[in-house]
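A.B. asks: Respectively, the protein sequence lines represent chains W and C. Those letters in the first sequence? Residues 1 to 249, by this note's numbering. Those letters in the second sequence? Residues 1 to 444, by this note's numbering.
It cannot be assumed that every hint is accurate.
Simulated pairs of lysine to aspartate or glutamate, EDC-like, Cα-Cα distance not exceeding 16 Å [what the hints assert, rightly or not]: (1) C/K119 - C/E92; (2) C/K67 - C/E166; (3) C/K266 - W/E95; (4) C/K19 - W/D77; (5) C/K3 - W/D77.
Hints in this document: simulated from the structure, not taken from any laboratory.
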Amino acid sequence: MSSPCVLQAEALHKTYPGSAAPAVDQCDLTIREGELFGLLGPNGAGKTTFVSLVSTLLKPDSGRASICGMDIGTRPDKVRNIIGLVPQNIALYAELTARENLGYFGRLYGLRGGKLKERIRQCLEWVGLEDRADQRIGTYSGGMKRRINLAIGLLHNPRFLLLDEPTVGIDAQSRNLILEKLAFLPQRGTTILYTTHYMEEAEKICTRVGIIDRGHIVAQGSPEALLEQGDASSLGDLFLNMTGKQLRD
Amino acid sequence: MAKILATILKELVQLWRDKTGLLVLFLMPVFLVIVMSLVQANILQMVGETKTRVLLLDQDNSTLGRKMDRALSSSANLRVTRQEDQGAGAAEELLEAVNQGTYQVGVVIPSGFTTLVRKGIKKDVSHAWGGQEKENDPASRSLELRVHFDPAVRGAFRKSVLASLENMVLRLKASQKMELLARRIPREIAASVRSELGPEALQELSPALMEMKSSLDNPELFRLGESEISSDPYRQTPNSVQQNVPAWTVFSIFFIVVPMAGGFIKEKNDGTLHRLLSMPVSPLVLIGGKILAYALIGILQIGVICLVGMTLLPLLGTSQLQLGNAYPALTCISVVVVLAATSYGILLGTLLNTYEQASTVGPLSIVIAAAIGGIMVPVYAMPETMQAISLASPLGWGLSAYLEVIVREGGLYSVGPQCVGLLLFSVFNFVVAWIFFFSSLRKK
Numbered sequence: 001m002s003s004p005c006v007l008q009a010e011a012l013h014k015t016y017p018g019s020a021a022p023a024v025d026q027c028d029l030t031i032r033e034g035e036l037f038g039l040l041g042p043n044g045a046g047k048t049t050f051v052s053l054v055s056t057l058l059k060p061d062s063g064r065a066s067i068c069g070m071d072i073g074t075r076p077d078k079v080r081n082i083i084g085l086v087p088q089n090i091a092l093y094a095e096l097t098a099r100e101n102l103g104y105f106g107r108l109y110g111l112r113g114g115k116l117k118e119r120i121r122q123c124l125e126w127v128g129l130e131d132r133a134d135q136r137i138g139t140y141s142g143g144m145k146r147r148i149n150l151a152i153g154l155l156h157n158p159r160f161l162l163l164d165e166p167t168v169g170i171d172a173q174s175r176n177l178i179l180e181k182l183a184f185l186p187q188r189g190t191t192i193l194y195t196t197h198y199m200e201e202a203e204k205i206c207t208r209v210g211i212i213d214r215g216h217i218v219a220q221g222s223p224e225a226l227l228e229q230g231d232a233s234s235l236g237d238l239f240l241n242m243t244g245k246q247l248r249d
Numbered sequence: 001m002a003k004i005l006a007t008i009l010k011e012l013v014q015l016w017r018d019k020t021g022l023l024v025l026f027l028m029p030v031f032l033v034i035v036m037s038l039v040q041a042n043i044l045q046m047v048g049e050t051k052t053r054v055l056l057l058d059q060d061n062s063t064l065g066r067k068m069d070r071a072l073s074s075s076a077n078l079r080v081t082r083q084e085d086q087g088a089g090a091a092e093e094l095l096e097a098v099n100q101g102t103y104q105v106g107v108v109i110p111s112g113f114t115t116l117v118r119k120g121i122k123k124d125v126s127h128a129w130g131g132q133e134k135e136n137d138p139a140s141r142s143l144e145l146r147v148h149f150d151p152a153v154r155g156a157f158r159k160s161v162l163a164s165l166e167n168m169v170l171r172l173k174a175s176q177k178m179e180l181l182a183r184r185i186p187r188e189i190a191a192s193v194r195s196e197l198g199p200e201a202l203q204e205l206s207p208a209l210m211e212m213k214s215s216l217d218n219p220e221l222f223r224l225g226e227s228e229i230s231s232d233p234y235r236q237t238p239n240s241v242q243q244n245v246p247a248w249t250v251f252s253i254f255f256i257v258v259p260m261a262g263g264f265i266k267e268k269n270d271g272t273l274h275r276l277l278s279m280p281v282s283p284l285v286l287i288g289g290k291i292l293a294y295a296l297i298g299i300l301q302i303g304v305i306c307l308v309g310m311t312l313l314p315l316l317g318t319s320q321l322q323l324g325n326a327y328p329a330l331t332c333i334s335v336v337v338v339l340a341a342t343s344y345g346i347l348l349g350t351l352l353n354t355y356e357q358a359s360t361v362g363p364l365s366i367v368i369a370a371a372i373g374g375i376m377v378p379v380y381a382m383p384e385t386m387q388a389i390s391l392a393s394p395l396g397w398g399l400s401a402y403l404e405v406i407v408r409e410g411g412l413y414s415v416g417p418q419c420v421g422l423l424l425f426s427v428f429n430f431v432v433a434w435i436f437f438f439s440s441l442r443k444k
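Just chain W, with the same shape it has in the complex (with noise of 0.2 Å):
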């Protein structure tokens, strides 16, 4: 007997304003709870675009999406207490220490008193900066930042979450930290959706992929059953092979 489904999007479509293309074209895309489901896709894919469209940021021009059974599109509120999103920009407020980016979060989540204290201790220890918790998120690294943007989406427990290329542009330490331990957040009882350029990251930790071009999803399987169908020695060559060699930006 298969998992429930945590994401189940149907024909999911969206077109930007004053754009000709669609950004997100007829999508269909299931998520099982317990997978680690890698997104790839190269710049202007529409990776960013299907992430906004189930975190119910944006509104899909048409089709439909629900997470854990509930329709994003009429019952955002109670999506949005489930979800954790984690942007590709560095989403925190610089003038803040960590603790204090956190506990802001957390308040928002609707965490209070002891059960944030003890969310964000958990989360801090999680990343690996405790003991610079109480430092501005201004004075941090690249990768130290990553870590507590990554911490931010996790603080409330999410069922589902959503992580948009978190480990862009920072060092190996912090990149193989980051990747242990979203391994391990599957067995913990989250399920994710990452999207990333980094095909030996994906290859590394997601227990299935796809692969979106143009808005449109146009592979999708365990990296295992994809090399064989796809017949490539790695993901890299698969998606090379499917998305072509051509320049995208």
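Model the placement of chain C on the given structure of chain W, informed by the hints.
C.D. replies: Leaving out everything else, chain C in the frame of chain W:
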């Protein structure tokens, strides 16, 4: 409630750590209030908008000299100092004090002033009665009340002071003539009645003649001074403190648009806003938290600047800021000014795309609105066309409302139009900001 409090706290902590922002919001207006109040106080003194310092040398030391002294001292616009030294060099001392600017006006009542004036008037009255030929007395021709001005005092103000002094002299003359006539007329009538109608008729007429004397000799005539005219509150213009404290308070409150819009743009650009909107919190809570945080800052600015006006400025030699008792009106004005400023901050934050745009468009638009609205130069000192244009400035509405209360003792009713204008301005900003906020979300 906890979410809005968290947002308020976050905004306040951010602002507290932005030392440049704090300098702009608190130190700049305090500095501007002090400098502009002191500079304008000096200008207003030069043009006579404040009490004019008069040095009086009374060499007459008799009735008219004292009456002149009393008349000058009773004027609400003059601060009279009497020169004690009346020796040989007294007139030169007075001239030097006025030339150095210690006093703006010096008045010398020459020795023998009373005697000569009375003599001259007596001759005028006798001449009018037809009893005596008017002759030119060389002494009365040389009679001169000398007035000296500080060289820095402007022409129009000199003329106005001279006109006031002439008016005062005329009153004295008229009063002296009336005194003389009050004695002469009943006497002449009595003499005519006695010679024409006999002593019985004179006896019957006596009470009427006494009443006539008393009416003509009415000293109350003298008390109709110009101070009564100038005490009309609606003709009052603000002094430098009354003008500058509310003016720079309104200006500094509107300056919160820079950190407010800048912070909002930063949230939009670094993805924090997207993160916030993916959380279980209403955009109204996020925007409301920002508005309340900056409203607190605005109220604190008002408190700090008023405190400067009430305690620091008097120590520096200006008059003290008096807020009066119309606290409901002052509270109402403060709330709508703060609301107008925060709504404008939100509007700029949604319309503009970069922090650089906010830090240029924000201050520029505020400085223009301030210049038009009478913050820098009082509206009453502007040409008529500019006075009409000043009606379009929300900063001008705020200032005019504060002046209505502080200078003219107005209340809630009299500041109603300005408050409603600021409220409508705020509503307009919020509506436009809301529309742009959601349309920008659709555009990614």
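A.B. asks: Evaluate each hint against the coordinates.
C.D. replies: Evaluation of the provided hints:
1. C/K119 - C/E92: 28 Å, violated
2. C/K67 - C/E166: Roughly 14 Å separates the two Cα atoms, so the pair holds.
3. C/K266 - W/E95: 12 Å, holds
4. C/K19 - W/D77: With Cα atoms ~37 Å apart, C/K19 and W/D77 exceed 16 Å; violated.
5. C/K3 - W/D77: 15 Å, holds
Consistency note: the structure conflicts with the earlier hints numbered 1, 4.
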